[in-house]
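Chemist: I would like the entire structure built from these sequences, with the hints used as guidance.
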Amino acid sequence: MSTELDSVTTNVTKKERSLDPGNLMLLVYTVAVALIIICGGVFEAQADELSVEATASSSEQTDAFRLEDIRQGELLLPGQDGNAVSALQLEQDVKISISGVVARVRVSQQFQNSSTDWVDGVYVFPLPDESAVDRLRMQVGEREILGEIHEREEAKAIYTKAREEGKKTSLLAQNRPNIFTTRVANIGPGEKITIVIEYQQVVQINDALFSLRFPMAITPRYIPGTPVANRDVERKSFTFGNEGWARDTDRVPDASSITPPVASSGSAATQTMQLSVDIVSGFPLARLESLYHHMTTRQLADDHYSLEFTGKVLADRDFVLEWQPEKTVQTSAALLSETQGDNAYMLLMLMPPQERQEVNVPREAIFVLDVSGSMAGPSIVQAKEALQRALRKLRPSDRFNIVTFSNSAHALFPKSLPGTEEYLAVARRYLQTLQADGGTEMKPALELALDGRLQSERIRQVIFLTDGAIGNETELLDLIVQRLGDSRLFTVGIGSAPNGYFMTRAATMGRGTYTYIGDVNEIEQRMDELFTRLETPAVTDIRIKTTDGRDMDFEAYPNPVPDLYLGEPLILALKLNSAIHELIVSGNQLGKRWEYTVNTGSNADRPGIGALWARKKIRSEMDGLSFGEDPEVVKKIVLVTALEHQLVSKYTSLVAVDTVVSKPADKTSGKVVLKTAAPRGLQMDAVFGGGSRTATPSAMHMLVGSLLLLGAALLHILRSRGWQR
Numbered sequence: 001m002s003t004e005l006d007s008v009t010t011n012v013t014k015k016e017r018s019l020d021p022g023n024l025m026l027l028v029y030t031v032a033v034a035l036i037i038i039c040g041g042v043f044e045a046q047a048d049e050l051s052v053e054a055t056a057s058s059s060e061q062t063d064a065f066r067l068e069d070i071r072q073g074e075l076l077l078p079g080q081d082g083n084a085v086s087a088l089q090l091e092q093d094v095k096i097s098i099s100g101v102v103a104r105v106r107v108s109q110q111f112q113n114s115s116t117d118w119v120d121g122v123y124v125f126p127l128p129d130e131s132a133v134d135r136l137r138m139q140v141g142e143r144e145i146l147g148e149i150h151e152r153e154e155a156k157a158i159y160t161k162a163r164e165e166g167k168k169t170s171l172l173a174q175n176r177p178n179i180f181t182t183r184v185a186n187i188g189p190g191e192k193i194t195i196v197i198e199y200q201q202v203v204q205i206n207d208a209l210f211s212l213r214f215p216m217a218i219t220p221r222y223i224p225g226t227p228v229a230n231r232d233v234e235r236k237s238f239t240f241g242n243e244g245w246a247r248d249t250d251r252v253p254d255a256s257s258i259t260p261p262v263a264s265s266g267s268a269a270t271q272t273m274q275l276s277v278d279i280v281s282g283f284p285l286a287r288l289e290s291l292y293h294h295m296t297t298r299q300l301a302d303d304h305y306s307l308e309f310t311g312k313v314l315a316d317r318d319f320v321l322e323w324q325p326e327k328t329v330q331t332s333a334a335l336l337s338e339t340q341g342d343n344a345y346m347l348l349m350l351m352p353p354q355e356r357q358e359v360n361v362p363r364e365a366i367f368v369l370d371v372s373g374s375m376a377g378p379s380i381v382q383a384k385e386a387l388q389r390a391l392r393k394l395r396p397s398d399r400f401n402i403v404t405f406s407n408s409a410h411a412l413f414p415k416s417l418p419g420t421e422e423y424l425a426v427a428r429r430y431l432q433t434l435q436a437d438g439g440t441e442m443k444p445a446l447e448l449a450l451d452g453r454l455q456s457e458r459i460r461q462v463i464f465l466t467d468g469a470i471g472n473e474t475e476l477l478d479l480i481v482q483r484l485g486d487s488r489l490f491t492v493g494i495g496s497a498p499n500g501y502f503m504t505r506a507a508t509m510g511r512g513t514y515t516y517i518g519d520v521n522e523i524e525q526r527m528d529e530l531f532t533r534l535e536t537p538a539v540t541d542i543r544i545k546t547t548d549g550r551d552m553d554f555e556a557y558p559n560p561v562p563d564l565y566l567g568e569p570l571i572l573a574l575k576l577n578s579a580i581h582e583l584i585v586s587g588n589q590l591g592k593r594w595e596y597t598v599n600t601g602s603n604a605d606r607p608g609i610g611a612l613w614a615r616k617k618i619r620s621e622m623d624g625l626s627f628g629e630d631p632e633v634v635k636k637i638v639l640v641t642a643l644e645h646q647l648v649s650k651y652t653s654l655v656a657v658d659t660v661v662s663k664p665a666d667k668t669s670g671k672v673v674l675k676t677a678a679p680r681g682l683q684m685d686a687v688f689g690g691g692s693r694t695a696t697p698s699a700m701h702m703l704v705g706s707l708l709l710l711g712a713a714l715l716h717i718l719r720s721r722g723w724q725r
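Start counting the sequence shown at 1; every next residue gets the next number (the working numbering).
There could be a bad hint or two in this list.
Simulated pairs of lysine to aspartate or glutamate, EDC-like, Cα-Cα distance not exceeding 16 Å [what the hints assert, rightly or not]:
no.	residue 1	residue 2
1	Lys415	Asp451
2	Lys636	Glu151
3	Lys393	Glu529
4	Lys95	Asp278
5	Lys671	Asp117
6	Lys636	Glu621
7	Lys635	Glu621
8	Lys167	Asp658
9	Lys393	Glu421
10	Lys393	Glu422
11	Lys393	Asp528
Label-pair ranges, simulated between beta-carbon atoms [unchecked claim]:
no.	residue 1	residue 2	range
12	Glu151	Arg251	24 to 30 Å
13	Gly452	Lys393	35 to 41 Å
14	Lys592	Asp630	35 to 41 Å
Hints in this document: simulated from the structure, not taken from any laboratory. Note that the coordinates shown come from a computational prediction; the quantities given were computed from them, not determined experimentally. All C-beta atoms in this analysis are idealised placements derived from N, C-alpha and C, irrespective of residue type, glycine included.
Modeler: So this is what it looks like as structure tokens:
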């Protein structure tokens with residue numbers, strides 16, 4: 001075995017070494033001092049943070065501050081069994097209507113105040129990152145109040161004014177493209193208020209397999225950076241702020257809005273949900289399956305089905321529905337349209353001709369594995385199994401490396417090595433030693449995996465296995481754009497509730513694809529599908545033009561059109577002048593050119609296509625920030641688009657205000673921040689161990705520094721008493 005292999009093996013196999021006690025003491029002292037210097041500033045910030053948090057919590061909840069209160073945030077009442085229950089209960093009902101390739105979803109949130117006091121409710125929840133949220137209704141008794149779209153700060157001001165006047169009001173805001181917050185003010189004793197949110201989304205298609213995913217839980221996000229100072233005034237605002245378990249930091253300035261309190265598994269506060277699906281597929285089905293939830297299914301016609309949960313279900317893992325046609329149709333296309341004035345909005349789905357031909361160019365595969373605390377339990381098992389499967393696909397002519405990360409990042413080999421049995425054996429043994437613990441410092445892992453170089457002798461593919469539970473998505477997406485070079489980034493979402501927004505965006509920025517593995521039984525199929533894509537040439541250089549060659553009379557998104565891998569359809573949202581009747585879509589694969597002519601003049605109107613186009617335009621504009629676009633220009637474009645199409649975005653919110661003053665002037669209301677369910681399989685101690693949280697690594701640094709100082713003191717005592725080797 002080579003010297004190179006011997007040096008690598010020492011990273012995997014522990015060897016005993018003797019060390020002079022004096023040298024050991026000196027080493028321990030040195031490391032301890034270094035850690036204390038590094039952590040000193042962070043310790044002060046953390047101490048200030050806990051002090052502020054204690055003040056805020058004690059004024060609304062208890063007299064004594066406890067560190068574990070960062071996972072609470074509710075007004076509690078004694079229950080019949082002696083256990084405390086929330087003053088505000090939440091019931092959720094989701095109705096999904098699928099017609100062809102478009103889904104319309106209605107999310108109903110019923111807030112019930114079981115206390116004798118007036119309360120305001122705050123609930124942070126997930127939605128699909130591509131959802132076009134365009135409707136909000138507030139139901140108070142027999143009255144129904146429709147929400148209106150406003151610029152974000154204006155909507156907050158309207159909500160605050162109505163709350164202070166004693167009117168019932170609701171606000172829906174986007175924290176991330178896949179995390180939203182509902183606020184409801186002035187819920188009286190014993191009252192129920194129902195908030196209904198509606199959105200549209202496009203069904204996913206891959207290899208003639210149709211699927212729809214509805215997220216039901218939020219994996220607690222890792223929050224890097226130093227807590228932001230001088231924000232006390234904002235955080236002490238009763239209406240907004242002081243609601244997440246994490247403080248805003250210099251790297252995640254809105255951390256407090258994406259870290260809702262988490263209910264432990266089995267807790268009375270754990271959220272439940274009812275869900276039903278009405279699906280008209282447009283063709284007879286060979287298979288219709290809910291992957292992770294039991295459902296009752298009724299067939300109403302050849303292509304029409306009704307499904308529903310068999311009772312209330314814990315909202316602790318994502319819902320995924322898959323269906324397949326009886327016969328696979330080659331090179332098919334679908335075109336849906338909606339006319340608004342002089343403009344025609346269209347959704348084009350086209351399956352380009354693709355050859356299942358293996359690329360013989362040598363390959364370099366870099367596997368990046370998340371071993372942070374949020375991956376503890378079933379997630380790390382799934383990730384390691386998936387990576388073992390991937391290693392078996394390597395050939396001796398390939399080169400590979402493994403990068404792991406938690407509090408820091410580590411590469412198994414100093415450089416990529418051949419996929420021979422000798423090196424694969426080392427990698428397999430290394431995987432067996434890995435445990436999930438610590439923070440999610442993803443940035444150094446991406447810096448190790450993406451070298452930014454342009455090279456042609458090998459296809460360089462980075463396969464990233466993670467739950468994506470981070471709050472600094474923007475920082476990481478910027479890094480991917482800067483360091484991608486000639487690599488391709490393929491993300492693999494692991495666990496019951498991965499961060500789909502980050503995973504899909506990272507794959508898009510990395511010119512790769514996103515694969516979701518929600519159960520260990522799916523690993524073989526999903527990884528085999530991924531490697532088939534990795535081994536097959538992509539369809540590239542995709543262009544859309546009018547028949548006379550013009551490309552300025554329409555807007556198409558995504559822009560630019562990404563490369564397509566085997567089995568992926570081309571999905572385009574277009575806005576055209578109504579005078580355009582034909583478009584030509586073209587691309588190439590392995591030097592072969594293909595074209596497809598789209599007739600745009602013979603389609604019936606389909607409501608909602610304009611909103612889907614606007615949502616894709618907003619995503620494209622927001623992605624442009626990672627490529628250096630002017631933030632003020634992007635904000636202006638997004639604002640105009642969102643207001644015109646009545647969509648919730650980073651810069652716009654929906655607000656509904658009742659005309660009736662219901663709360664007496666002499667009454668005050670307390671704020672209740674509802675807990676979200678812990679994702680299934682999440683080990684709370686690994687994420688919030690001992691009341692602390694992996695979201696702020698300074699606590700671990702201080703602990704390590706303290707232990708090292710203690711060890712140094714013990715060594716000094718032992719040596720002074722004549723301890724010898």
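Chemist: Please flag the earlier hints that this structure goes against, numbers listed from lowest up.
Modeler: 13
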